[in-house]
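Okay, here's what each chain looks like letter by letter:
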Amino acid sequence: MTGPEIQATPDSSWQNSWREFPWWLVAIFVFLALMGILIIRNPAYNNAFQFIVPGIQVTLYTTITAFAIALVLGLLAGLGRISRNTAVRNIAITYIEFIRGVPTLVLIFTVAFVLVPPVSNALQVDNRIVTPNTRAIIALAVIYGAFLAEIFRAGIESISKGQMEAARSLGMTYTQSMRYIILPQAIRNISPALGNDFIAMLKDSSLVSVLAVRDITQLARLHAGSTFRFRESYLVLTFLYLSMTIILSLLLRWYEQRIGKDRG
Amino acid sequence: MNDEIIIIDNLHKYFGSIEAVKAVNLQVKRGEVVVVVGPSGSGKSTVLRCINHLETPTSGAVYIDGVHLEDKQTDINKVRAEVGMVFQQFNLFPHLTVLENVTIAQRKVRKRSKEEANEIAMEQLRHVGIPEKASAYPRQLSGGQQQRVAIARALAMQPKIMLFDEPTSALDPEMIKEVLDVMLQLAEEGMTMVVVTHEMGFARAAARRVVFMDNGQVIEIDTPQVLFDKPKHDRTKLFLSKILAH
Ligand SMILES: Nc1ncnc2c1ncn2[C@@H]1O[C@H](COP(=O)(O)OP(=O)(O)O)[C@@H](O)[C@H]1O
Ligand SMILES: [Mg+2]
Numbered sequence: 002m003t004g005p006e007i008q009a010t011p012d013s014s015w016q017n018s019w020r021e022f023p024w025w026l027v028a029i030f031v032f033l034a035l036m037g038i039l040i041i042r043n044p045a046y047n048n049a050f051q052f053i054v055p056g057i058q059v060t061l062y063t064t065i066t067a068f069a070i071a072l073v074l075g076l077l078a079g080l081g082r083i084s085r086n087t088a089v090r091n092i093a094i095t096y097i098e099f100i101r102g103v104p105t106l107v108l109i110f111t112v113a114f115v116l117v118p119p120v121s122n123a124l125q126v127d128n129r130i131v132t133p134n135t136r137a138i139i140a141l142a143v144i145y146g147a148f149l150a151e152i153f154r155a156g157i158e159s160i161s162k163g164q165m166e167a168a169r170s171l172g173m174t175y176t177q178s179m180r181y182i183i184l185p186q187a188i189r190n191i192s193p194a195l196g197n198d199f200i201a202m203l204k205d206s207s208l209v210s211v212l213a214v215r216d217i218t219q220l221a222r223l224h225a226g227s228t229f230r231f232r233e234s235y236l237v238l239t240f241l242y243l244s245m246t247i248i249l250s251l252l253l254r255w256y257e258q259r260i261g262k263d264r265g
Numbered sequence: 009m010n011d012e013i014i015i016i017d018n019l020h021k022y023f024g025s026i027e028a029v030k031a032v033n034l035q036v037k038r039g040e041v042v043v044v045v046g047p048s049g050s051g052k053s054t055v056l057r058c059i060n061h062l063e064t065p066t067s068g069a070v071y072i073d074g075v076h077l078e079d080k081q082t083d084i085n086k087v088r089a090e091v092g093m094v095f096q097q098f099n100l101f102p103h104l105t106v107l108e109n110v111t112i113a114q115r116k117v118r119k120r121s122k123e124e125a126n127e128i129a130m131e132q133l134r135h136v137g138i139p140e141k142a143s144a145y146p147r148q149l150s151g152g153q154q155q156r157v158a159i160a161r162a163l164a165m166q167p168k169i170m171l172f173d174e175p176t177s178a179l180d181p182e183m184i185k186e187v188l189d190v191m192l193q194l195a196e197e198g199m200t201m202v203v204v205t206h207e208m209g210f211a212r213a214a215a216r217r218v219v220f221m222d223n224g225q226v227i228e229i230d231t232p233q234v235l236f237d238k239p240k241h242d243r244t245k246l247f248l249s250k251i252l253a254h
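Going line by line, the protein sequences match chains P and E. With the first sequence counted from 1, adding 1 to any position gets you the numbering used here. With the second sequence counted from 1, adding 8 to any position gets you the numbering used here.
None of these hints come from the bench; they were simulated from the model. Think of the CB as a built atom: it goes at the ideal place given N, C-alpha and C, for glycine as much as any other residue. Don't take each hint at face value.
[To be verified] Computed, partial: chain P to chain E, Cβ under 7 Å:
1. I160
2. G163
3. E166
4. A167
5. L171
6. G172
7. M173
8. T174
9. Q177
10. P185
11. Q186
12. N190
Bound conformation, chain P alone (with noise of 0.2 Å):
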């Protein structure tokens, strides 16, 4: 007779647990784990997932690269944003809002085939010898680097005003605070947000197909056009995809927990 007993303490611990579980997590999983037996069982999604794995490299070395810049750019961009000299601060809001402001596939056209060959000209670098890959990268990184400059400036602006007083009153210079003061306690408070970033970045590669860079995409793609596959093709690009981006939000959900823990 355990029934009633459960419906008289509605907020039971079972109730709870039942209702709190990750059923979400479950459901994907079993998406995963359907794929992964297609992927071992059946020929077609076999050739698929042979055709396209070689991408994973191209794919997370262009993301990996591109965020690497991203982070350098977006951490200047980020500190010009709040600069008190009036031209620095400028320049960097005009390139954060123009990014802004421009869909990622047209700044991804536009870095790779307008703003590269005259600064590869300026740098005396041959702009035929710049690969498609190399295009990607730095259109990922300008374009992400004006999405991470917002996180950092956050960040900083995040920190109570005390700390830099109290940094600057010891005679340390502004540059002193920001990197031993305030940046290692701004980039603490944002790694959750640049993680989520870096999540959306690997989505985002995707697009670099377009500059038939051989990613993932790219290569479900070729595979589909050749074999007509389209089904087989693009279900493994989706379980690939998948299968990273959940590893990786699963990482940085625990990385939380355990920082939010640190506080506490």
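Fit chain E with the ligands to the given chain P structure using the hints.
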């Protein structure tokens, strides 16, 4: 060597249209302890913050040991290294241990070696009575302990002047004494101090002069005995009657 280590000359400070400080003149001698009292919003913090240039005066001049702070040629970081400041909210660096809080500026500003900075830091932590907390993080300390670390952090720079902006106002009553005791000891050692506080006991024990400010102006400057017991101005009397009523 000039006897007046701090000279504030006709200082004015506007925040937008608010005149926070009006024509303030004040001189502090080497080794002197000056306490500043006055109602909230009377400009005490603003004057104090002009002494290490955390605020830029609208007009007037501040000289520290003969150096004109508003002069474009002045290296303000060099001056600030000689002027320690203790804040109401402690402002310890939460991502650094107590020891790192007390060594970071020594390392980066004074360019001391790690060993030397650690040695001086431990000496100052003993001075304020909490050497055993060196490896703790600020959040693990009580308010009184945090404020003592903040004092040690400033002292480790071996400053010529110490500024205190209501150092005990954010503390639970039982922790006020431990901080005031450290400040009293510092005063006895001959440190030049400008202290914004309403702790009359501290003022009577340590201050040579007390400054009463109201509405951005210095109303009265005198010894603690005269200013607290026989004030000349009505505004001083009114203020004292209010804080004594508490
Ligand atoms: N950063 C600021 N911006 C605008 N107004 C300020 C600022 N700092 C202080 N004030 C104003 O200046 C006046 C004096 O403030 P303050 O020096 O902090 O007084 P006190 O320390 O005596 O309480 C107040 O009216 C206060 O509101
Ligand atoms: Mg104040």
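Interface hint outcome for L171 (chain P) [beta carbon to chain E under 7 Å]: holds (4 Å)
Proposed interface contact between Q186 (chain P) and chain E, which counts if any beta carbon pair is under 7 Å: holds (5 Å)
Interface hint status, N190 (chain P) versus chain E (Cβ within 7 Å): violated (10 Å)
Residue hint G172 (chain P), partner chain E, criterion CB-CB below 7 Å: Cβ of G172 (chain P) sits 3 Å from chain E, so the hint holds.
Hint I160 (chain P) vs chain E: min CB-CB distance below 7 Å? violated (10 Å)
Do the numbers back the hint for A167 (chain P), that is, is its least Cβ distance to chain E under 7 Å? holds (4 Å)
Minimum beta-carbon distance criterion (7 Å), P185 (chain P) to chain E: holds (5 Å)
Just to be careful: measuring from the Cβ of G163 (chain P) to every Cβ in chain E, is the smallest value less than 7 Å? The hint holds - G163 (chain P) has a Cβ within 7 Å of chain E, the shortest such distance being about 4 Å.
Next item in the hint list is M173 (chain P). Is there a CB on chain E closer than 7 Å to its CB? holds (6 Å)
Proposed interface contact between E166 (chain P) and chain E, which counts if any beta carbon pair is under 7 Å: E166 (chain P) check passes; min Cβ-Cβ to chain E is 6 Å, inside 7 Å.
For the hint on T174 (chain P), does the least C-beta distance to chain E fall short of 7 Å? holds (6 Å)
Less than 7 Å between beta-carbons is the criterion; does Q177 (chain P) satisfy it with respect to chain E? Q177 (chain P) check passes; min Cβ-Cβ to chain E is 5 Å, inside 7 Å.
The structure shown violates the earlier hints numbered 1 and 12.
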